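S.K.: What follows is the residue order along each chain.
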Amino acid sequence: MRATEIAQIINAEIIVGKEIAYDLDVETACGSDLMSDVIAFVKERVALLSGLTNPQVLRTADLMDIRLIIFVRGKKPSEEMIQMAREQGIVLMRTHDTMFVACGKLYQAGIKGDS
Amino acid sequence: MIIEYIIPRLDFSAAGKASTDMKHRLTQLGLPPALIKRVAIAMYEAEMNIAIHGDGGRAEIEISKDGITTCFIDHGPGIPDIELAMQEGYSTASEEIRDMGFGAGMGLPNMKKNADELIIQSELNKGTTVQMHFRLPAGEP
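Chains U and L, in that order, are what the protein sequence lines are. 79 is the number that my numbering gives to position 79 of the first sequence; each next residue is one higher, with no gaps. 44 is the number that my numbering gives to position 44 of the second sequence; each next residue is one higher, with no gaps.
All clues given are correct.
Restricting the straight-line Cα-Cα distance to at most 25 Å, the calculated cross-link-like pairs of lysine to any residue (SDA-like) are:
id	chain 1	residue 1	chain 2	residue 2
1	U	Lys75	L	Leu10
2	U	Lys75	L	Phe12
3	L	Lys37	U	Pro55
4	L	Lys17	U	Asp37
5	L	Lys37	U	Asp25
6	L	Lys113	U	Glu44
7	L	Lys17	U	Arg86
8	L	Lys112	L	Thr20
9	U	Lys43	L	Asp21
10	U	Lys43	L	Glu88
11	L	Lys112	U	Ala40
12	U	Lys76	L	Ala14
13	L	Lys37	L	Gln87
14	U	Lys75	U	Cys103
15	U	Lys43	L	Lys37
If you are wondering where the hints come from, they were derived from the structure by calculation, not from laboratory data. Remember, it's a predicted structure, so these values are computed and weren't measured experimentally.
Chain L with its partners taken away, still in its complex shape (with noise of 0.2 Å):
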């Protein structure tokens, strides 16, 4: 199974829909409440990133027996230094951002953390694609 999701720029009122969507369609599913916050955060996190950052992009998800993959791909400005990025509490956004309560270095340090792989490619000016998997614990459909 296979979910798209859009992501706007800037656009705080519709941002975080795709994860807490995500975030209940999984709990139907019956996966282990742990995994799907996992899942929840680390989509949470790249979903704010394309919004912030990305100038707007879209996320992919699927569902299958390995697990879930996401991927999230945006055609912004992409990151000059993916691993000064990785660094908690390092961060770019405006202080406009700021005011709102993001920026606070954390996204990507959180998606590490709650993936069980993550992939980052990005080139300057042609943008960036994330890809989390999440595996499912032994013994789940």
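Only chain U is shown next, with the shape it has when bound in the complex (with noise of 0.2 Å):
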């Protein structure tokens, strides 16, 4: 599925990466806070939906080469984490929607867990 239809779902904001976000497609997502968590579960090139916003995020998605990263409950990054975000050219999502229910609305839509 592609960024952009993915984003339409959970009637997210695109905050970076609008010029790649089409092109970005996406089969499995993860939601977590806890980063760890992600390292040790994640296999995928996954999504994550997450609702941390601190830089360690972005470390962890550059680590786990993930792309594209849904800030949940109307999380807003930071100026450095979205200055990263574009470095590093991963998109970045903000939703209103709380983990439990943007989750549901994409797994509904199709995207699949990473396990």
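Put the complex together from the two separate chains, hints included.
M.R.: Right under this line is the structure:
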């Protein structure tokens, strides 16, 4: 599924990477606020849903080759994070949905879990 | 080739820089992506441990034909029970640290899973040294 379709489903605003979102294809996702769990359990190139907004989310994404991060509960990334995402070529989105609701909508739309 | 990184205490803006920098260096060397990912993940966990628990410290990374050896050294409080710290989900991180997304208790297990060898030496009130080795696949330079 294109990242732009994902944005539509969860009514998300694309903060960074509008120009690459259309061509970014994502089939699996992971929702977590614990970055070590993301590192331990993610195997594929997932979309990461998180309510955590600190630079470590970007570092985790960099390590795990994650290209799409969706901030839930309306969380706003800092300028530093936005800059890091630009440099790393990562798409950042923000939805007002809660983690549960955002994951539920995407699962229903056919996005799979990473296991 | 030996590369050294300084890891500041509780600086979450800087923490993780060593592992992401190493990931990019190893990519430039043309090493296999799966190996690079294992090194970067294990280094990241070690780096975060030093920033969170070890009062800051340093990392020395040696790249040779035998593989990649990483050594993380801190002079923090030490680990009282290494076996317990190795258990998945066990963490002594504070509530404040957990709120920042750490303290899942997966750090040492993640290192063990990704490194070919892991040696932890720790002395209470003196510090901890974590050494990891990653073998190069046969045929790599």
